[in-house]
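Novice: What follows is each chain in one-letter form.
There are 2 protein chains.
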Amino acid sequence: MKTTTVAMTLLATLAAPAFAAEGMWTLDNLPLKQMQAQYGFAPSTAWVDKLRQASLRVAGGCSGAFVSANGLVMTNHHCVIDCVEQLSSASDDRVANGFLARERAQEPRCPEVELNRLDQISDVTAAVKKATRGLSGEAYQKAQNAVQAQLTKECRGSETERTRCDLVSLYQGGQYQLYRYHRYADVRLVWVPEFAIANFGGDPDNFMFPRYALDIALLRAYEDGKPVTTQNFFPFKADGAEPGELTLVTGHPGDTQRLLTVAQLETLRDKTALHTLPRLSELRGLQLQYARQGAEQARQVTTELEGTENYLKVLRGELLALSDPALLQAKRDEERRLQAFIRSRPALRREVGDAFAAMARAQTRARDLAPVHDMVEGGRAFNSAYFRHARTLVRGAAERALPNGERLREFADNNLPQLEQALESPAPIYPALETARLGWALSKLRETLGPDDELVKQVLGTEAPEAMAARLVAGTQLAEPAERLRLWQGGMAAVQASTDPFIQLALRIEPRARTLRGQWEAEVSAAEEKSAERIALARFARTGKSAYPDATFTLRLSYGEVKGWPVRGQPVAPYTDFGGAFKRATGAAPFALPPSWLARQGQLALQQRFNFVSNNDIIGGNSGSPMLNAKGEVVGLVFDGNIDSIGGAFTFDERVNRTVAVHSGAILAVLRQVYDAGFLADELTGTRSK
Amino acid sequence: MKTTTVAMTLLATLAAPAFAAEGMWTLDNLPLKQMQAQYGFAPSTAWVDKLRQASLRVAGGCSGAFVSANGLVMTNHHCVIDCVEQLSSASDDRVANGFLARERAQEPRCPEVELNRLDQISDVTAAVKKATRGLSGEAYQKAQNAVQAQLTKECRGSETERTRCDLVSLYQGGQYQLYRYHRYADVRLVWVPEFAIANFGGDPDNFMFPRYALDIALLRAYEDGKPVTTQNFFPFKADGAEPGELTLVTGHPGDTQRLLTVAQLETLRDKTALHTLPRLSELRGLQLQYARQGAEQARQVTTELEGTENYLKVLRGELLALSDPALLQAKRDEERRLQAFIRSRPALRREVGDAFAAMARAQTRARDLAPVHDMVEGGRAFNSAYFRHARTLVRGAAERALPNGERLREFADNNLPQLEQALESPAPIYPALETARLGWALSKLRETLGPDDELVKQVLGTEAPEAMAARLVAGTQLAEPAERLRLWQGGMAAVQASTDPFIQLALRIEPRARTLRGQWEAEVSAAEEKSAERIALARFARTGKSAYPDATFTLRLSYGEVKGWPVRGQPVAPYTDFGGAFKRATGAAPFALPPSWLARQGQLALQQRFNFVSNNDIIGGNSGSPMLNAKGEVVGLVFDGNIDSIGGAFTFDERVNRTVAVHSGAILAVLRQVYDAGFLADELTGTRSK
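Line order of the protein sequences matches chains P and A.
Sequential numbering of the first sequence, starting at 85, is according to my numbering.
Sequential numbering of the second sequence, starting at 85, is according to my numbering.
There's no promise every hint is true.
When chains are identical, the list treats them as one kind, so a pair holds in a single copy or across two.
To be verified - In silico lysine to aspartate or glutamate, EDC-like type, Cα no more than 20 Å apart, as pairs:
{"no.": "1", "residue 1": "Lys355", "residue 2": "Glu607"}
{"no.": "2", "residue 1": "Lys528", "residue 2": "Asp287"}
{"no.": "3", "residue 1": "Lys321", "residue 2": "Glu531"}
{"no.": "4", "residue 1": "Lys667", "residue 2": "Glu547"}
{"no.": "5", "residue 1": "Lys355", "residue 2": "Glu531"}
{"no.": "6", "residue 1": "Lys667", "residue 2": "Asp536"}
{"no.": "7", "residue 1": "Lys213", "residue 2": "Glu613"}
{"no.": "8", "residue 1": "Lys667", "residue 2": "Glu613"}
{"no.": "9", "residue 1": "Lys355", "residue 2": "Glu390"}
{"no.": "10", "residue 1": "Lys237", "residue 2": "Glu483"}
{"no.": "11", "residue 1": "Lys213", "residue 2": "Glu564"}
{"no.": "12", "residue 1": "Lys397", "residue 2": "Glu531"}
{"no.": "13", "residue 1": "Lys528", "residue 2": "Glu538"}
Derived by calculation from the structure, the hints in this document are not laboratory data.
Using the sequences provided together with the hints, build the complete structure.
Specialist: In structure tokens, the structure reads:
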């Protein structure tokens with residue numbers, strides 16, 4: 085069904101005002117006229133301002149929002165499962181059992197969770213373009229890095245702990261903006277339900293609907309040891325939203341590729357098919373069998389297995405979309421129209437130049453370089469928490485000795501707080517799991533580069549990958565935050581004096597890794613960015629800002645409505661209810677309801693709406709977004725898209741692309757009737773209005 | 085490099101006399117003129133006849149040959165590793181330690197190895213086409229099955245134990261032939277070296293060169309309890325062959341797709357990328373981690389892991405070739421030329437009709453049906469030795485009650501001896517491994533069909549896949565050959581009375597499985613075969629039999645010469661030597677030489693040629709083929725192709741496609757100097773001439 089319709093939708097996406105519901109709009113460029121025309125609602129500046137201040141980014145890839153005046157934050161369980169796991173132990177498994185703090189004093193700090201609130205956007209397109217004008221390759225990349233380091237540092241000022249600034253490229257290089265965020269680093273866990281219900285249906289149901297999952301976590305932001313107080317929050321509406329009613333999703337969609345050139349999409353397709361999908365599938369098999377070795381192994385690997393499986397579904401969905409000849413044909417046609425437009429304007433033609441050809445050349449280089457680059461510089465060959473720490477320490481020692489503007493991007497002053505947070509984190513690392521994963525990863529190094537490659541010989545010597553992994557893991561001290569901080573503070577002298585086998589490994593491969601990175605940045609990313617900037621000029625000339633930019637993990641608003649969709653001609657109803665969950669339960673994971681639900685079944689209204697779908701335009705990163713009505717009340721909590729939403733990375737098809745959310749009323753009901761947490765339900769429905 | 089050159093080669097393949105070395109020629113259509121012109125050698129009828137009688141097919145997917153007058157048979161270690169494993173136990177690991185029978189009485193029987201010697205070819209094109217004329221869909225398929233059952237039964241006559249007849253479709257339906265084979269079912273193990281040297285370099289070196297592997301097994305064919313005696317065998321030549329010297333490979337290449345239509349190739353590409361490659365990769369990860377659980381687990385899973393890894397390399401290579409835009413473009417161009425030829429001949433045009441369109445329609449159905457068909461009817465969801473036995477028993481009981489011509493192909497009388505051999509086999513089955521693999525496979529059933537599918541509910545009920553797998557494996561008696569034979573002999577009554585959980589599972593899914601098969605055969609395979617037959621008519625009209633047919637696991641001859649090839653402009657030398665193996669050894673698997681080699685290093689001539697490459701045109705199935713000189717002497721043992729040979733499934737590129745073989749002199753040297761088996765070397769070099 086999809087193949088015949090994608091083409092039509094695509095034209096709309098690229099060349100004309102967006103369809104109803106399509107678009108991940110930046111707050112400074114909302115389609116107010118369209119919204120007014122379609123739903124009789126155009127938000128005021130004050131409304132948008134409040135929305136911005138109540139919306140949160142969960143660093144690492146999710147969204148969230150303030151949902152009370154006392155700093156209560158709502159996001160998805162799957163967005164903070166790392167924290168829940170880190171706060172667990174073999175004897176107190178909070179992933180399995182859930183967690184509820186009945187008093188503020190019982191709210192434990194999540195070691196690695198950081199929340200960002202967007203405070204300011206400023207356009208810096210001119211400054212960025214000026215800095216890189218006339219440059220290419222390595223020079224372009226260095227100038228980009230320098231201007232980025234400078235702009236973000238200026239933006240951040242002296243408030244280095246509580247402020248974070250990102251240079252954001254919108255419209256694939258058409259616009260550069262500085263986003264300044266307030267940074268909440270003290271985030272504590274308030275409530276998570278049991279994994280069995282948060283993740284009910286597990287991987288089989290992921291990206292599916294009908295659905296019955298309570299994928300929620302409540303956190304609380306603290307500053308100076310006290311809960312944050314704010315008037316900018318979204319209160320709950322127990323009734324949710326009705327079909328056809330306007331629904332707004334505020335959040336941080338991570339990454340779409342709707343404006344990529346055909347050459348880029350083909351590279352992505354082939355890389356996914358030949359490398360990413362097989363590699364991740366193999367890792368999944370390894371993790372599945374690791375989990376089978378025992379209950380404790382299963383506990384250790386649950387989170388990363390879930391991550392692998394989620395990513396795999398996305399990859400499969402994307403590859404399916406990119407294997408659809410109609411999609412690529414429509415993109416090709418649109419590209420031809422844009423090229424014709426460029427040819428018709430001599431001035432534009434000079435500015436754009438050979439951008440499409442240069443983009444295609446960059447793809448050829450990307451295909452050649454990616455396998456080895458991703459293995460060594462991307463760190464896939466050393467897939468271990470220990471190695472990631474070691475890489476940060478080795479590289480950080482060298483980079484911090486340089487002026488801010490000359491460093492690799494991730495070591496600019498702006499990014500150091502996050503790096504330090506990770507080094508300080510007491511999150512447990514499981515040696516047996518690291519050994520299994522690293523041994524496998526090292527074997528991939530040999531598989532990709534070949535046994536006769538000099539780096540392979542240098543890394544493995546005469547050791548088998550599994551034996552080397554075991555030796556490294558047995559010998560490392562990097563599980564200790566104190567040791568990591570000692571090396572971080574000690575700089576290059578401490579790093580070079582270290583006998584830690586992971587530090588030594590990271591030092592050993594550093595020259596080759598840096599060479600690969602330099603090559604990649606000069607020949608692929610700089611060439612891509614430069615070409616994309618020039619192509620974006622043409623798009624702006626043609627359609628102006630009537631289009632929305634690709635998602636970039638920055639704050640966006642999507643508008644739509646509660647609405648089912650047809651599957652093979654049959655309508656899928658937009659709501660499920662509690663009764664359906666009890667019917668679907670088999671007693672065996674991932675379809676086992678937790679004991680708490682079974683015990684309280686009699687107290688739940690079985691007709692209570694549980695999950696629902698809307699046609700809002702979202703993508704990975706929107707997980708944890710609140711779904712709001714026009715009054716700014718929470719009607720749901722976004723936690724997924726349907727399977728058709730994955731192709732939304734490349735094009736939005738309103739007829740089948742759907743957002744999946746937990747109903748606000750379901751959350752309130754279970755807090756009261758299953759978890760005896762009426763006090764939290766009261767906090768969520770608190771009388772303070774907007 | 086490859087992309088720009090494939091097109092040229094391809095034209096040669098399809099439309100003109102083949103390049104030097106290209107072609108897997110049937111013995112009744114050898115390119116004698118070309119051979120004479122290129123190498124001054126055109127084999128006589130007597131020479132070809134002897135070649136045919138000395139060549140063997142190893143049932144299951146390999147080649148082999150008689151190499152002594154006393155029934156000694158040479159093939160690859162990897163072709164009979166199942167047998168070596170079946171003849172091993174935890175306390176006597178013949179895979180790891182190798183095996184040598186110093187007397188005939190010590191030669192143990194391989195439970196499942198069967199050898200076939202081709203005795204006769206007869207053309208039955210007219211009979212087959214007559215039987216299916218005017219039919220389509222299910223009727224076409226049934227008529228095909230009936231004529232196949234009838235022809236093979238007539239061909240086999242009363243010699244049912246020692247004769248096997250296959251109906252072979254050549255030129256993708258352009259020609260049908262009956263191949264009658266002599267069947268050797270009593271095959272015994274004589275010698276295999278240690279896995280460490282048979283498989284030196286393991287998966288990293290698989291499909292690679294330079295190479296240092298002794299991938300050989302010597303077997304002996306018995307009849308009536310005595311070694312077979314024959315004058316038709318290939319004696320060893322210790323000197324091997326020199327560069328440029330004619331080399332002949334006789335054997336059974338399994339399967340090429342050089343004559344497929346573009347629509348078929350695209351289906352294959354997308355199926356590989358979206359389904360086969362990810363599924364196999366996941367299985368590989370599972371098997372790798374299973375092997376890590378302990379030495380015994382590693383032993384259990386070695387063979388199937390090796391099989392998975394080998395298949396994965398093939399899949400990746402094929403996908404790489406099919407992702408090459410130049411390859412598909414060349415195929416498209418050639419298809420257009422063929423279509424133009426058809427249009428220019430009105431009579432042919434009527435005969436071919438809408439064959440290309442019908443083929444494309446069959447592809448659409450194949451894409452829709454394949455995922456569920458492969459899971460249920462293909463048995464992927466029940467990936468277990470127990471289930472395969474159960475399927476044979478359940479289906480065999482129903483099918484054997486039907487007349488021969490009305491049965492599913494694999495239950496025709498002609499195929500029963502092989503089925504019975506598998507049921508009788510005492511090969512061990514490892515319950516823990518079966519549980520792990522089956523639990524995973526059942527989870528794929530749910531993943532593919534969705535948790536709400538009726539069959540999924542029927543199979544799993546409320547059980548988790550892993551729990552169900554454990555229960556089934558714990559409850560089955562099908563590990564016992566006696567129980568399997570009881571059920572086989574008891575027919576449907578015994579099967580239906582069985583309480584074995586695997587029998588019950590196979591019975592439960594049988595209706596859906598048969599429905600899926602019927603659909604597939606009617607809408608996909610019958611439509612494909614019918615269309616291919618019509619397209620083949622056009623090819624014959626255009627090029628006659630100057631082309632060779634796609635490989636079909638039937639006896640072929642390839643001619644070529646010892647020759648290196650260039651990699652990134654640098655020549656790869658065609659030979660390696662013993663010295664190189666000792667240099668390459670690291671002491672860690674898969675680069676560890678066995679103790680026997682280390683102990684005898686001093687006695688080996690380090691400059692002895694070990695492995696080498698030639699430009700013969702081979703494909704999977706040629707493993708175990710002898711490589712011969714013009715005198716019919718063994719100069720090597722084919723065991724692999726280089727990485728470029730994988731794309732040979734679709735097109736042959738003489739400049740880079742290479743066959744990898746063990747040098748005859750290396751085999752003789754190690755028999756004498758490492759394994760103290762001079763008596764075998766003597767048998768191989770026996771004075772009896774051809």
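Novice: Give the relationship of Lys528 and Glu538 under a CA distance limit of 20 Å: within one copy only, between copies only, both, or neither.
Specialist: within (15 Å within a copy, 40 Å between copies)
Novice: How would you label the pair Lys355, Glu607 (within, between, both, or neither) given a Cα cut-off of 20 Å?
Specialist: within (17 Å within a copy, 33 Å between copies)
Novice: Is it within, between, both, or neither for Lys667 and Glu547, if the alpha carbons may be no more than 20 Å apart?
Specialist: between (54 Å within a copy, 15 Å between copies)
Novice: Between the shortest in-copy and the shortest cross-copy C-alpha distance, which are at most 20 Å for Lys667 and Glu613: within, between, both, or neither?
Specialist: neither (52 Å within a copy, 46 Å between copies)
Novice: Are the CA atoms of Lys237 and Glu483 at most 20 Å apart within a copy, between copies, both, or neither?
Specialist: For Lys237 and Glu483, only the intra-copy Cα distance (16 Å) is at most 20 Å; the inter-copy one is 78 Å.
Novice: Checking an output row: Lys213 and Glu613, CA cutoff 20 Å. Within, between, both or neither?
Specialist: within (11 Å within a copy, 60 Å between copies)
Novice: When Cα atoms must be at most 20 Å apart, do Lys397 and Glu531 count as within-copy, between-copy, both, or neither?
Specialist: between (25 Å within a copy, 11 Å between copies)
Novice: Between copies, within a copy, both or neither: which fits Lys321 and Glu531 at Cα up to 20 Å?
Specialist: Answer is neither; intra-copy 55 Å and inter-copy 35 Å both fail.
Novice: At 20 Å max between alpha carbons, let me know whether Lys355 reaches Glu390 within a copy, between copies, both or neither.
Specialist: neither (22 Å within a copy, 25 Å between copies)
Novice: State whether the alpha carbon distance between Lys213 and Glu564 is at most 20 Å within one copy, between copies, both, or neither.
Specialist: So Lys213 and Glu564 fail the 20 Å test inside a copy (44 Å) and across (75 Å) alike.
Novice: If the cutoff is 20 Å on CA atoms, where do Lys667 and Asp536 land: within, between, both or neither? Let me know, please.
Specialist: This pair counts as between: shortest inter-copy Cα distance 12 Å, intra-copy 58 Å.
Novice: Can you give me the call for Lys355 and Glu531, within, between, both or neither, at a CA distance of at most 20 Å?
Specialist: Within one copy only: 17 Å inside a chain, 24 Å across chains, cut-off 20 Å.
Violated hints, listed in ascending order, are 3, 8, 9, 11; each of the other numbered hints is respected by the structure.
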